[in-house]
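Given the coordinates of chain A, work out where chain B should sit on it, guided by the hints.
Residues per chain, in single letters:
Protein chains: 2
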Amino acid sequence: MAKLYGVGVGPGDPELLTLKAARLLKEAPVIAYPAPMEGQGLARSIVGDLIPAGRTEIPLRMEMSLNRDSANAAYDAGAIEIARHLDEGRDVAVLCEGDPLLFGSFIYLLERLGENYSVQVVPGIASPMASAAASLMPLATQDEAVLLVPATRSEEELERLIVSCETICLFKVGRHLEKIRRVLMKSNRLHKARYVERASQAEERVLTLDQAIEKGGIYFAMVLVGP
Amino acid sequence: MAKLYGVGVGPGDPELLTLKAARLLKEAPVIAYPAPMEGQGLARSIVGDLIPAGRTEIPLRMEMSLNRDSANAAYDAGAIEIARHLDEGRDVAVLCEGDPLLFGSFIYLLERLGENYSVQVVPGIASPMASAAASLMPLATQDEAVLLVPATRSEEELERLIVSCETICLFKVGRHLEKIRRVLMKSNRLHKARYVERASQAEERVLTLDQAIEKGGIYFAMVLVGP
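One line per chain: the protein sequences are A and B, in this order. The opening position of the first sequence corresponds to residue 1 in the numbering used here, with each subsequent residue numbered one higher. The opening position of the second sequence corresponds to residue 1 in the numbering used here, with each subsequent residue numbered one higher.
No lab work stands behind these hints, which were simulated from the structure alone. It cannot be assumed that every hint is accurate.
To be verified - Once the Cα atoms are required to be at most 25 Å apart in a straight line, the calculated SDA-like pairs of lysine to any residue come out as:
1) A:LYS172 to B:GLY226
2) B:LYS3 to B:ARG55
3) A:LYS179 to B:LYS3
4) A:LYS179 to B:GLN142
5) A:LYS3 to B:GLN201
Pulled out of the complex, with its shape left as it was, chain A reads as follows (with noise of 0.2 Å):
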């Protein structure tokens, strides 16, 4: 019976794949991903010269936008199609930026074929040990606790929620770095924030909120709270 890989591939840096991953891309003959209208995408790009030429690729094309149709007809429309390549016993890798199964888009293919068919998840690199990595920032030890959240979540919601751990994940701050500065400074926090941008890619920045908030959000980065 053919296979439905879920394949971390990290987040950005080629060479911060696994082993693992890079074994089953150059074996799979059928590859699928997400990617915007046009261009190919932040999880095909890493992977670029992995891929044997000849593969079956299957870009499962979407609109960015905080309005879910377009992702939701892509995934719909991508599983029938890698189906069709399962049941024809072909195995299909998914490539999916940092890791499958912490905000990544192969949960929504596993949520529409999981039942039906074998599933293997590789799990990859994801977005806050990348960006620990890149500001040299413990993320916790001993007794700590981390809080992984979305900065989308209202205002409120991350009051309540940032008081509660000694480390706080913020992802998906671009557009909330406001909000993000005025949660921080409530609880006294701000000078422990770090805003990390395209962590272990070549663009690479690290900065303080402010710098960030002067500069500009963007879709890649993540913002980093310590203890």
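Leaving out everything else, chain B in the frame of chain A:
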């Protein structure tokens, strides 16, 4: 100037090393790693074949105990020995199970050497991602939050923390399974819990919490609680 590398070697499957970790371990003239008083320990065993013969190896031998005296002494002595190699121009790669900055032993060397030497961290696959892959459980999607917390925290603290997040990853669960069960029963989430032992290793097991309590918990295990 020689460099100190903190190298994440992942959760146990040697194929879950990154390409970067594998390259650095082939190149580094000196390799250090935490180890029990006898034997080589998990981190060194994961990279078994990757380190060429004849390299200088520095096992940081410590008693596996709640008392930190033995570990602190090993990191103190290890830091001095590592510094000597760096001073003489030799790069040193420190192996670390999982990720170096998430409950990683490398943090203790970073504290001792980070100010005076050039440091680079290579992130590794951390146990929450490996455990999620083992149990095919999404950790977070959309605006969900994830809590990473050691089960060594008090019952009252765990109760307070656990209600705040959609997904909980409990570290260091071995001796705390009964406490975890009480906390999860109170918050009505026991049926959402999975105990994952030795994720990614040949002996990997995914159990309910009741099954795990009956069998007995081990050190290399975590409990995931889904939404």
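Pairwise hint evaluation, LYS3 (chain B) against LYS179 (chain A), where the allowed Cα distance is 25 Å at most: Violated, at about 38 Å.
Quick one, are LYS179 (chain A) and GLN142 (chain B) close enough, alpha carbons at most 25 Å? Distance ~18 Å between LYS179 (chain A) and GLN142 (chain B) Cα, so the pair holds.
LYS172 (chain A) and GLY226 (chain B): Cα distance at most 25 Å? holds (21 Å)
25 Å Cα cutoff - pair LYS3 (chain A), GLN201 (chain B): Holds, at about 20 Å.
Run the distance test for LYS3 (chain B) versus ARG55 (chain B): straight-line Cα separation, threshold 25 Å. Holds, because 16 Å separates the two Cα atoms, which is no more than 25 Å.
The structure does not agree with numbered hint 3 stated previously, though it agrees with all others.
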